[in-house]
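Asks: Listed below are the residues making up each chain.
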Amino acid sequence: MTEGPATATDPVVDGETTKRRGWGWLLLVPGMLWLAAFFLFPTVQLFFTSLYDPSGSYEEGYALTWHFANYVDAVRDTWNLFARSFLYAGIATVICLALGYPLAYAIAFKAGRWKNVMLVLVIAPFFTSFLLRTLSWRTILSDEGPVTDVLQTIALLPEDGRLLATPVAVIAGLVYNFLPFMTLPLYASLDKVDHRLIEAAGDLYASPFSGFRRVTFPLSLPGVVSGTLLTFIPASGDYINAELLGTPKQYMIGNRIQSAFLTEHNYPLAASLSLILMAIVVVMVVFYVRRAGTEELL
Amino acid sequence: MADGKDLHLEGVTKRFGSFVAVDDLTLTVPEGSFFALLGPSGCGKTTTLRMVAGLEDLTLGRVLIGDEDVTQLRPYRRPVNTVFQSYALFPHLTIFENVAFGLRRRGVKDYRQKTNDMIDLVQLGPYADRKPTQLSGGQQQRVALGRALINEPGVLLLDEPLGALDLKLRRQMQIELKRIQTEVGITFVHVTHDQEEAMTMADTIAVMNHGRIEQLGTPGELYENPATTFVANFLGQSNLIRTEVVETAGDAITVDCNGQKVSVDSTRSHADGRTAWLGIRPEKIFANTSGPDQGHAESNGQNRLTGGRVTDVSFVGVSTQYLVAMPWGQELMVFEQNTGQRPPLPHGTAVDLSWSPTHAFLLDAQQDATAGLMRPEDAE
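Protein chains in written order, with the numbering used here: chain A, 1 to 298; chain B, 1 to 380.
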């Protein structure tokens, strides 16, 4: 048993290093320029806006006075909106995962020749506008609508109970709108899982459930992580669902930012809220990805 | 070990639609033996293995281990483990965790000690904390072996386990596998298309073709006394000459080989018609230069065919391989060990061929004389 000297176990070492460096990095340039113009510059601009003197106004202009107190004011008035946003987004993400995982699993492992049809169906909602779809949920969840009727009939909802204008409606809307963002990465991960590994787990005394827990699920973790991120991040900043399916009592931080920017024209407040949201999300994502042990995704 | 854990297949059949992959297979693999299922790709050997593992349902028949009918048991309930052709190592687990997998699923308490022992047995001690992708092919192969063996299965199934290794490593692993099998005493059922691999390692070989067993026996029996043209050609090489059966007297059958009479031991006849294929292995034939007095091998009881002419000479080193054109137009292969007793015969030499009647065999003339011949695309 002397085959394979110890150095041969690191397959990356040889070959690549001696290759001449090409001009491949040039391929990065268009994307980098785009990001600089439409992400980096606006973010920096947003940062400065958040430090304007709040006594200025949209009409008269603002002065950059490094007014860090904007952040304190923003948090003081809106911390409950932040909390609600993350709560709704978190619940919606968990429900999306619970609905999306079995769906993605079925498409990847059980759909056979219907695989492509089912994938098209998953993204079919995108063929209509986000706004229209959310509006139609108003009809679905309306007081006289079928869902309310059924729930009242089977006494899951009291006679005077309603769905529209409740947290349930907002979360349902979030789940509906972001489900494809959960399902597709899950599908991509599950589809890559080698069936022979699942067979091997069965051969090694793992029951179907145990095989799923020890082999299939861990191998699909990259999909779980990217799916939850793609759901949670936009859901926590969303305002359309709360606007159309809820009331001000269900408003999320996105609604506050939207009204600060577009209605009150309080740019410093809106900018500092945006940056706080961004910062919290980044911290949560880093922590989450570390915990999930999938740093290679970042 | 006396409780009898022989593996029995009874009338095992597998159909995929109208295609019969495995056709009414019945065989017994004695406990503790190294058994090989040998055949070309598509002969049903892997399907047979997967049915024993429980990864494929049987269309008909039963699989028993000892007295226990496991036909209906799900794979994870069978006392059977598999070394997969692709190894199927869990990429997210370390070598240690891969090897411990089966024990932990069964709730074995002291799995740590046993796992470390097994990792030592397959000589991967320094690699226990690595992931499978950080190992070479041969090392991964040993992980797959250790991961299956540690469960001390009633039967260990090996699906072309050495197929992905290069030739030199494969030879090493053949010896290694045999050593481990002897050491642990577990029944090995080894599927392979490599006849040399099967002959080197197995106690018993079942040669499969078209979903059936062509012949079952020890490597020696199969090689020395093949029962079908397929076995004669698939294991080693054979000269097959069409002959007419002239008479059967006692232990000897005399056949007419294009006008020359030769005899074959009746225990070595697998033909019952008037015509038969006379089979002789190339290395069993001695080529004498023609002439009245060549002395060697001329003596008592040797079969002899005269009128040959050397048409091709390949010097291989350990042997010289001749093609000899016979008067009826067929070219026969003759291998001569390079003992240095005489120089290689030159091209065009007139030769007579001789061999012992106990070395030839008779096969059913209904069978295709080219069955089991290595086609170029099968070559390694």
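Keep in mind the hints are simulated off the structure, nothing from the lab. Check before you lean on any hint, since a few could be wrong.
[What the hints assert, rightly or not] Ranges of calculated distance between the beta carbons of each label pair, as one might list FRET restraints:
(1) A/Ala292 / B/Gln123: 30 to 36 Å
(2) B/Gly163 / A/Trp34: 17 to 23 Å
(3) A/Phe287 / B/Gln134: 26 to 32 Å
(4) A/Trp25 / B/Ser314: 34 to 40 Å
(5) A/Leu99 / B/Gln134: 54 to 60 Å
(6) A/Val286 / B/Gly163: 51 to 57 Å
(7) B/Ser314 / A/Asn116: 54 to 60 Å
(8) A/Asn116 / B/Pro79: 38 to 44 Å
(9) A/Val286 / B/Pro79: 44 to 50 Å
(10) B/Gly137 / A/Phe39: 43 to 49 Å
Don't be surprised by glycine CBs; every beta carbon is placed ideally from N, CA and C.
Asks: All the hints need checking, so say for each whether the structure fits it.
Replies: Against the structure, the hints come out as follows:
no.	hint	result
1	A/Ala292 / B/Gln123: 30 to 36 Å	35 Å, holds
2	B/Gly163 / A/Trp34: 17 to 23 Å	49 Å, violated
3	A/Phe287 / B/Gln134: 26 to 32 Å	29 Å, holds
4	A/Trp25 / B/Ser314: 34 to 40 Å	56 Å, violated
5	A/Leu99 / B/Gln134: 54 to 60 Å	37 Å, violated
6	A/Val286 / B/Gly163: 51 to 57 Å	45 Å, violated
7	B/Ser314 / A/Asn116: 54 to 60 Å	55 Å, holds
8	A/Asn116 / B/Pro79: 38 to 44 Å	41 Å, holds
9	A/Val286 / B/Pro79: 44 to 50 Å	47 Å, holds
10	B/Gly137 / A/Phe39: 43 to 49 Å	45 Å, holds
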